[in-house]
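Just so you know, the protein sequences line up as chains A and B, in that order. 1 is the number of the first residue of the first sequence in my numbering; add one for each residue after it. 1001 is the number of the first residue of the second sequence in my numbering; add one for each residue after it.
It is possible that some hints are incorrect.
[As the list claims (entries may be wrong)] Think about it this way: if two alpha-carbon atoms lie no more than 20 Å apart in a straight line, the pair counts; the simulated SDA-like pairs of lysine to any residue are:
no. : chain 1 : residue 1 : chain 2 : residue 2
1   : A       : Lys20     : B       : Thr1130
2   : A       : Lys40     : B       : Pro1254
3   : A       : Lys20     : B       : Gly1156
4   : A       : Lys40     : B       : Met1159
5   : A       : Lys40     : B       : Gly1162
Keep in mind that the hints were calculated from the coordinates and are not lab data.
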Amino acid sequence: MATEDSKRIPPGVCLPWEEKVKDIGEIRGDEDIIKSEWEKLEAFAYVYIWWWVQR
Amino acid sequence: MSDKKILYQERLNRFITAMDVGKPDRVPIRLTLSEFLAKYAGYTLQEIYYQMDKNIECSNKFIQDFDVDTVPGPPSLWMGGIHDATGAKYLKFAGRELEKDKQFQFLESDYMKAEDYDDFIANPTKWILTTLLPRIHTEFKDPYRAHLSLIKGAAGMVMNQGMLAEAGKRWAEEYGIFPPFSGMSKAPFDTLGDVLRGLHGIMMDMHLCPDKLLAALDVLVDHNIYYGMATAAGDTTLPLFMPLHRGSYPFLNPEQWDKFYWPTLKKVIEGLWKHGKRTLFYAEGDWTPYLEKIAELPDKSIVFHVDMTDMKKAKEILGGRFCLSGNVPNTLLTYGTPEEVSDYCKKLIDEVACDGGFIMDAGGVVQWDAKVENVRAMIETTLEYGVY
């Protein structure tokens, strides 16, 4: 019964990399390095947001 | 290998053997202590709610003095400073609104409204950040203070987690103590029913908007699996702590339990188990009517913790397939005598722990009001009488 939005944005993600990368534009180096660091902070932000609810 | 490392490994092996429904050298002792630790160490509740170093010091004192296999981290889960930084209005703390030795209070309400369901279902993370937090955090009253509150809240979480990680390392190295669980998560119904809709709200939703409630519960399954694994930092050795609330009898009737509570809780536990993560099914209250359903879970996927559930039936229905824990009544620890506590523990050892697969613990989290001599009796009886 999950909606399209909730399916599109998985747990651990607040702002998907696919959206962020559009803001960055052309990436001259290794995209995976940038993406990996982005996702680590995404996961932290996600846990922080949900911490206020999961208690 | 140092003595403390050997002790750590012995204790951990004892705990894991019991969780795997085996018979270790003796019954392991896990004491789920909270505010009791502050009283024992001589700190006020205001001190432990606000000062992480004193919060941690409480655990240091206890594990120096008692031979237990494992004790959860410090007594206070909710640090007052972070709640002040954000203006979180659903908790009252000792030394702020309450006297300095009053236990914190949760102000339950329908912080999520029935009309929020569609937005919550569409994107719960976004809804929490953009709708719930501004509603429950008074610092969101203007953009400057809102931004500050997010910085301070997140920084506070990192600082506290860093101190806890250091403390955990010290407990292992200096005292041979391991934590009893890693990570936490909840039943989807409790995620909604505790903080978001509140008991009144979710009870009404079962009648007025059951389809939306079911959709929201379904959305929460993957989030609660992820949250559990993320807060455990991927660890699969120790069980995940899952305090279970509204599924206790008789909050829901059996039909409601079958329809609204159990299916998504089962999915979360099975999802965690697929990652190799066992759940400490911390069944607060009485779960006796649901034992047959709980037995549907994969073998060893949970440690079933008994508070007021009928222990005899729990052993009959779940024993042999799942480790059991707990059941020393908190009322006994508060109002009983050491002899009565000792007798109760001996009965548990004789009747439940006899085949292995049992961990000694209180029924519920041990609070400020428990007597030290009764906690001591529980530990000493298990150490002496619980040898296999």
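Each hint tested on the structure:
no.: 1; hint: A:Lys20 x B:Thr1130; verdict: holds, 19 Å
no.: 2; hint: A:Lys40 x B:Pro1254; verdict: violated, 42 Å
no.: 3; hint: A:Lys20 x B:Gly1156; verdict: violated, 27 Å
no.: 4; hint: A:Lys40 x B:Met1159; verdict: holds, 17 Å
no.: 5; hint: A:Lys40 x B:Gly1162; verdict: holds, 17 Å
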